[in-house]
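Chain by chain, the residues run as shown.
There are 2 protein chains.
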Amino acid sequence: MADLILHDVGLRDGLQIERSVVPTATKVAWAAQLITSGIDMIQLGSFVHREKVPQMADTDEVFAVFRGAPVPPVLTGLVLNEKGLERALACGVSYVCMGVSASETHSTKNTGMTIAEAQQRIVATALAAKAAGASVQVSVQSAFGCGFEGEVPEARVLDIVRRFVDAGLHVVSLADTAGHATPDRVERLFTAVRAIDPAVECACHFHDTYGLGLANCAAAMRVGVKYYEAAFAGIGGCPFTKVSAGNVCTDDLLHMWHRMGLRTDIAIAPILAVSQGAADVLGRPLPGHVYKTGPLS
Amino acid sequence: MADLILHDVGLRDGLQIERSVVPTATKVAWAAQLITSGIDMIQLGSFVHREKVPQMADTDEVFAVFRGAPVPPVLTGLVLNEKGLERALACGVSYVCMGVSASETHSTKNTGMTIAEAQQRIVATALAAKAAGASVQVSVQSAFGCGFEGEVPEARVLDIVRRFVDAGLHVVSLADTAGHATPDRVERLFTAVRAIDPAVECACHFHDTYGLGLANCAAAMRVGVKYYEAAFAGIGGCPFTKVSAGNVCTDDLLHMWHRMGLRTDIAIAPILAVSQGAADVLGRPLPGHVYKTGPLS
Numbered sequence: 107m108a109d110l111i112l113h114d115v116g117l118r119d120g121l122q123i124e125r126s127v128v129p130t131a132t133k134v135a136w137a138a139q140l141i142t143s144g145i146d147m148i149q150l151g152s153f154v155h156r157e158k159v160p161q162m163a164d165t166d167e168v169f170a171v172f173r174g175a176p177v178p179p180v181l182t183g184l185v186l187n188e189k190g191l192e193r194a195l196a197c198g199v200s201y202v203c204m205g206v207s208a209s210e211t212h213s214t215k216n217t218g219m220t221i222a223e224a225q226q227r228i229v230a231t232a233l234a235a236k237a238a239g240a241s242v243q244v245s246v247q248s249a250f251g252c253g254f255e256g257e258v259p260e261a262r263v264l265d266i267v268r269r270f271v272d273a274g275l276h277v278v279s280l281a282d283t284a285g286h287a288t289p290d291r292v293e294r295l296f297t298a299v300r301a302i303d304p305a306v307e308c309a310c311h312f313h314d315t316y317g318l319g320l321a322n323c324a325a326a327m328r329v330g331v332k333y334y335e336a337a338f339a340g341i342g343g344c345p346f347t348k349v350s351a352g353n354v355c356t357d358d359l360l361h362m363w364h365r366m367g368l369r370t371d372i373a374i375a376p377i378l379a380v381s382q383g384a385a386d387v388l389g390r391p392l393p394g395h396v397y398k399t400g401p402l403s
Numbered sequence: 107m108a109d110l111i112l113h114d115v116g117l118r119d120g121l122q123i124e125r126s127v128v129p130t131a132t133k134v135a136w137a138a139q140l141i142t143s144g145i146d147m148i149q150l151g152s153f154v155h156r157e158k159v160p161q162m163a164d165t166d167e168v169f170a171v172f173r174g175a176p177v178p179p180v181l182t183g184l185v186l187n188e189k190g191l192e193r194a195l196a197c198g199v200s201y202v203c204m205g206v207s208a209s210e211t212h213s214t215k216n217t218g219m220t221i222a223e224a225q226q227r228i229v230a231t232a233l234a235a236k237a238a239g240a241s242v243q244v245s246v247q248s249a250f251g252c253g254f255e256g257e258v259p260e261a262r263v264l265d266i267v268r269r270f271v272d273a274g275l276h277v278v279s280l281a282d283t284a285g286h287a288t289p290d291r292v293e294r295l296f297t298a299v300r301a302i303d304p305a306v307e308c309a310c311h312f313h314d315t316y317g318l319g320l321a322n323c324a325a326a327m328r329v330g331v332k333y334y335e336a337a338f339a340g341i342g343g344c345p346f347t348k349v350s351a352g353n354v355c356t357d358d359l360l361h362m363w364h365r366m367g368l369r370t371d372i373a374i375a376p377i378l379a380v381s382q383g384a385a386d387v388l389g390r391p392l393p394g395h396v397y398k399t400g401p402l403s
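Heads up: the sequence lines are chains D and W, in that order. Residue numbers 107 to 403, in the working numbering, belong to the letters of the first sequence in order. Residue numbers 107 to 403, in the working numbering, belong to the letters of the second sequence in order.
Hints in this document: simulated from the structure, not taken from any laboratory. Take these hints with a grain of salt, some might be off.
[Stated by the list, open to error] Sample of chain D residues with no beta-carbon within 10 Å of chain W, all distances over it, derived: (1) Asp-109; (2) Glu-124; (3) Val-127; (4) Glu-157; (5) Ala-222; (6) Arg-262.
[Unchecked claim] Covered stretches of chain W, going by a simulated chain D footprint (3 or more residues, C-beta under 8 Å): (7) 115-124; (8) 144-152; (9) 191-198; (10) 269-281; (11) 386-399.
Note that the structure is a prediction, hence the values are computed from the model and not measured. Glycine included, every Cβ here is placed at the ideal spot set by N, Cα and C.
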């Protein structure tokens, strides 16, 4: 397996906060284009309450289209609880992602549970997923700061990671939900995570709120982070606020890698086509750079 | 002097390619606001042919307003040749910037001279500036690639730097005119420059064409680069093309530094005010992030 793994989460973390609901056929078309790029992993959606998150209501249908498709890419789904896991397993999802927030406020607002309650539940759900034969990635959300609380103590993040590792969960993502991370913190925190257990495989998930997304990815690369979550065109910014909080842009990240001679086996053109398609469908310029400029050869 | 020096070049490299000419009074107001931030250096304009670059036609007037102002900040001006230097010295400019392109095509289009001709002329002009008592920064433009030629050999960049150093010019900037740099190249090339002579003080000047501006600044910080050129609001993108090629955003870079505990003596609020003012005057959203989101405390 490659040293750097690219995981597009645009269909989930990008679309879930869009004002409009993107039609299932469009999602399927975008996923199909992403697949042709040779990207490693694609998150097709999340198994959440259909009425609470109508943008994700068709996740089961989208998975059904690709059921039994040859791999790679690995098609992943986000689950929040046991019910979501049941649906994911019924859809044949082989790789599930789930997480716990390191911010009490964020945890309560997002899940109605304290960090301790959420962690207990997520560990149980993750172990159930493994028992059912799925691969599992567990994440710590708000790992670099919280939009509500501000600073999040690194010790608290590491406590959550330790609990995951103790439970035998070894693919651990640190998610910068609010975009507060800086390169020095990224290096420090991932180094600390890897010191807990060298067998841990690290994933990162940055938002570009303050323009630091790619700088943080470059920092993560220095300290051996393997999995990079990003969204085509850098979607994910909330259209209702002034704060543009899109994900790291998959295409821009891959373009950086290509310029560094890395992962040139993944084709950028199909990803750029999805980004342009998303800008057309969503009806506004999206944050990504390279889909506008074209890539350097 | 601080380890990291912030040099805003928005009034020059930002405004010189704007369709509209910003009134002198507005430039003066923006410069005055930047001064109140405690920023280290501000480039007020360039001493170029007034008819060829009407956006810079009032550079002498802008300098006249601030003549004799207490320092810091250092007020800098760009010169292209002997005539420009004469004007700069007549304006009392104490710190002049000048450069040579490492791309033959870029050099010819920009100056009508080959690299060799341009270098001879710039070295002579730089030595004249020093003899007149000014401080001098010499730069290599297109140091990381060229929009016309693509790859620029690192050996050619280092040859130009060596010539500068041999002439006794020790403040050397590498300018990524086209935005082609990546963090690995930044570290490699600046390390090679410093190996030529440890007395060299390095400056960097990145454009954010492909979203890599802050990642490249973070890389430069790792290898001891001291001077950081950036433009308020990340202006500098050409409004006539699809390619958004703005400078690194001064406010976003300072925000990253503040989050890293660095240069907290420079106030960000006045810079954000200039960025918002520029967006209002130029009549469009500008590339910077933090002037839109507000800074993290």
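Evaluation of the provided hints:
Every beta carbon of chain W lies more than 10 Å from that of Asp-109(D), the smallest distance being close to 14 Å; the non-interface claim holds. Listed as a non-interface residue, Glu-124(D) keeps its Cβ farther than 10 Å from every Cβ of chain W; the least gap is roughly 19 Å. With a least CB separation of 26 Å from chain W, Val-127(D) remains clear of the 10 Å interface cut-off, as annotated. The beta carbon of Glu-157(D) is kept farther than 10 Å from every beta carbon of chain W, the shortest such distance being approximately 31 Å.
Look at Ala-222(D): its CB is around 27 Å from the nearest CB on chain W, clear of 10 Å, so calling it non-interface holds up. A cut-off of 10 Å between C-beta atoms confirms that Arg-262(D) is not in contact with chain W; the least separation is 19 Å. Residue count for the region 115-124 of chain W with a Cβ under 8 Å from a Cβ of chain D: 0. That is fewer than the three needed, and the coverage hint is violated. Here the region 144-152 of chain W counts 0 residues with a CB under 8 Å from a CB of chain D, which misses the bar of 3, and the coverage is violated.
Only when three residues or more bring their CB closer than 8 Å to a CB of chain D does the claim for the region 191-198 of chain W stand; here the count is 0, and the claim is violated. Counting residues of the region 269-281 of chain W whose beta carbon lies closer than 8 Å to any beta carbon of chain D gives 0, which falls below the threshold of three, so the coverage claim is violated. Under the rule that three or more residues need a Cβ within less than 8 Å of chain D, the assignment of the region 386-399 of chain W holds, with 5 such residues.
Violated hints for the displayed structure, listed by number in ascending order: 7, 8, 9 and 10.
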